[in-house]
Amino acid sequence: MENVGSLFHGFAVALTWYHVALMLVGVLLGILVGVLPGLGAPNGVTILMPLTFTMDPVSAIILLTSMYWGALFGGSTTSILFNIPGEPSSVATTFDGHPMAKQGLAVEALSFAFLSAGFGALVGVAVITVLSGWVTEFALKFSSPEYFAVYFLAFASFVGLAGGNPVKTVVSILLGFAFATVGMDTVSGSLRLTFGFDELLRGISFLIVVIGLFGIGELLLTMEEGLKFEGVKAKVNLSGVLRTLTRLPRYWIALIRGSLVGVWMGITPGGPTAASFMSYGLAKRFSRRRGNFGKGEPEGVIAPETADHGAGTAAMLPMLALGIPGSATAAVMLGGLMIWGLNPGPMLFLERPDFVWGLIASMYLGNVVAVVLVLATVPLFAAILRIPFAIIGPLIVVVCFIGAWTVGASKPDLWLALIFGLVGYVFKKLDYPVAPLVLALVIGDKAEDAFRQSMLMSQGSLTIFFSNPLVGTITVLAILLLAWPLFSMLFGRVRAGRAEKMRLAE
Amino acid sequence: MTERALVSRTTMEVVTALATAAIGAAVMWGSIEHDIGWGDSGPAAGYFPFRIGVLIVLGSFVNLAVALWRRGTQDVFLTAEQAKRVLAFGLPILAFVVLSLFLGLYVGAILYLSAVMVFQGGYRLLPSLTLGVAVAVAMRLIFPMWFKVPLLTGPLEAWLGLY
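Taken in sequence, the protein lines are chains A and H. Numbering follows the working numbering, in which position 11 of the first sequence is assigned residue number 11; successive positions increment by one, without gaps. Numbering follows the working numbering, in which position 87 of the second sequence is assigned residue number 87; successive positions increment by one, without gaps.
Since the hints were made in silico from the structure, they are not lab data. Among the hints, erroneous ones may be present.
[Stated by the list, open to error] With beta-carbon atoms standing in for the labels, derived distance ranges: (1) A:Arg250 <-> H:Met145: 48 to 54 Å; (2) A:Leu490 <-> H:Asp40: 41 to 47 Å; (3) A:Leu486 <-> H:Val14: 51 to 57 Å.
Note that the structure is predicted; figures quoted are calculated from it, not measured. The beta carbon of each residue, even a glycine, is placed where N, CA and C say it ideally should be.
Hey, can you work out the whole structure from these sequences and the hints?
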């Protein structure tokens, strides 16, 4: 019950006027970036980050995480009203949310989405509260080989669980690692992979890469589709929200299943996007009303939303306790932690309990604030989307490049953001996942350090990753996950072959 | 297929796989400048990146092989219509970056925003310029004044005595 005491201490940190005001600002900015295409949670947090470098870390993380929650909520607004996901993680919400809105049930769809999302988020925070002490204890036993094995496991789970093309995922991760090695080597001090360009001495900033991949790239993709924002008008009233709230407990199975999927995918780095799709898929397979899915079934809104937010909040646990981000946005925040001079990992809980528990307490509060604010501001943000894209599109571009400039006040960064924008556009069209690239870029240095330390301990023998039960288990698990696509492909072939024979026999 | 493909998916897959392979090769080449073996303090500076480079090249070749294996498919990467829309949005961004590098972000933003509004949005010049200037003023208030983060300025600001 030590955690409960710490949590109360955290509430004392989070519940100051200044921090509550930051929460409100963060959530509102978050909803804005969530609503606008091309400005998602990772990109919004990235652009805001340079402005927090001079702030106190606790205030800064409260502002940035509140923005994250706001963005997750804002993404669902556009999914339901406009059939355009404001965030990749709210794609699954369009399947049933928009049909509901078109049937005149927009208020119900929005209320279901936000309330169940709030539920998922609170489950995520509760899990963090309960598990953090245990995970920290566990992580304190780690030395370099264990750390490298956990990093390996995180990336292997991207390959094995995220469901994309495994080889493309691997290449994406490796490119992130390669970009991370550019610049000064932390061990030997030598300058690596700069190819004589002075501009590369400082290395490639993950903030610039995120602005390019997630901002410019996403915008180019949006423009290519030639989107028209023709939305359903919705007036949110209190009675409609309350009516929905009383109907919500009926969907308890979807709520619990969604939360579990979300928390699981958030802790093992699958991320909110994969979580929401998985939860929708499970609900569609097992629901009693499965025939109604895709035609405006409330359960089809509740399932992805709960998982999306559960994953978003749960992703903070591995970020804080192990230094492994569970989503692209968490990766950006992890990078921010290091810039603020904090060292993510179990020691953070011992050295800076005010920071960790202040953040966790703010997550409870921030998500409740976000549900209320997002419901209250639906008409406002829907109106913003009715501004013609000839105005709003270029404005987003300007904001992205201002963000790129504020990272390091360097001219080549503007070019780099543009180049990564193009890369992001091509990669997304060809199904190369970009989130793993960002994760690898952020933790690349730490992973390399852990690897080199391990090699030093073992005099260059890879057997150190199997040298005790703990590290051995993690490594074996990672290898299994990495090989999973191969197994399922072979198994699929055999099954397909058998089915073919059966068909021929008939 | 209703629309004609400007670039086929296979072409783009091949180009991308070759590009990632080239990056992998560059990483290997850059690592060889350092020691890629065992130094005084364990693995040397080039040890880790060299192996990453090798793996990138291998992965890229697998992607290349898969793309060539499936070259019979008729998937489209980009239609002419899509290309037009992407260029109409992308080329002004390029112009904005180039302008900003020489004239600063404020002037760049004013020119870019008002030009897009006039030529693509069909707005008249005056409201477009007004909005552009309003955004520049907002940028100045938010970044250098409020957050104390200066933005890139150019010759105009120097002439006006603003920094």
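Tested hints:
no., hint, verdict
1, A:Arg250 <-> H:Met145: 48 to 54 Å, "holds (52 Å)"
2, A:Leu490 <-> H:Asp40: 41 to 47 Å, "holds (45 Å)"
3, A:Leu486 <-> H:Val14: 51 to 57 Å, "violated (24 Å)"
Hint 3 alone, counting from the list given before, is not met by this structure.
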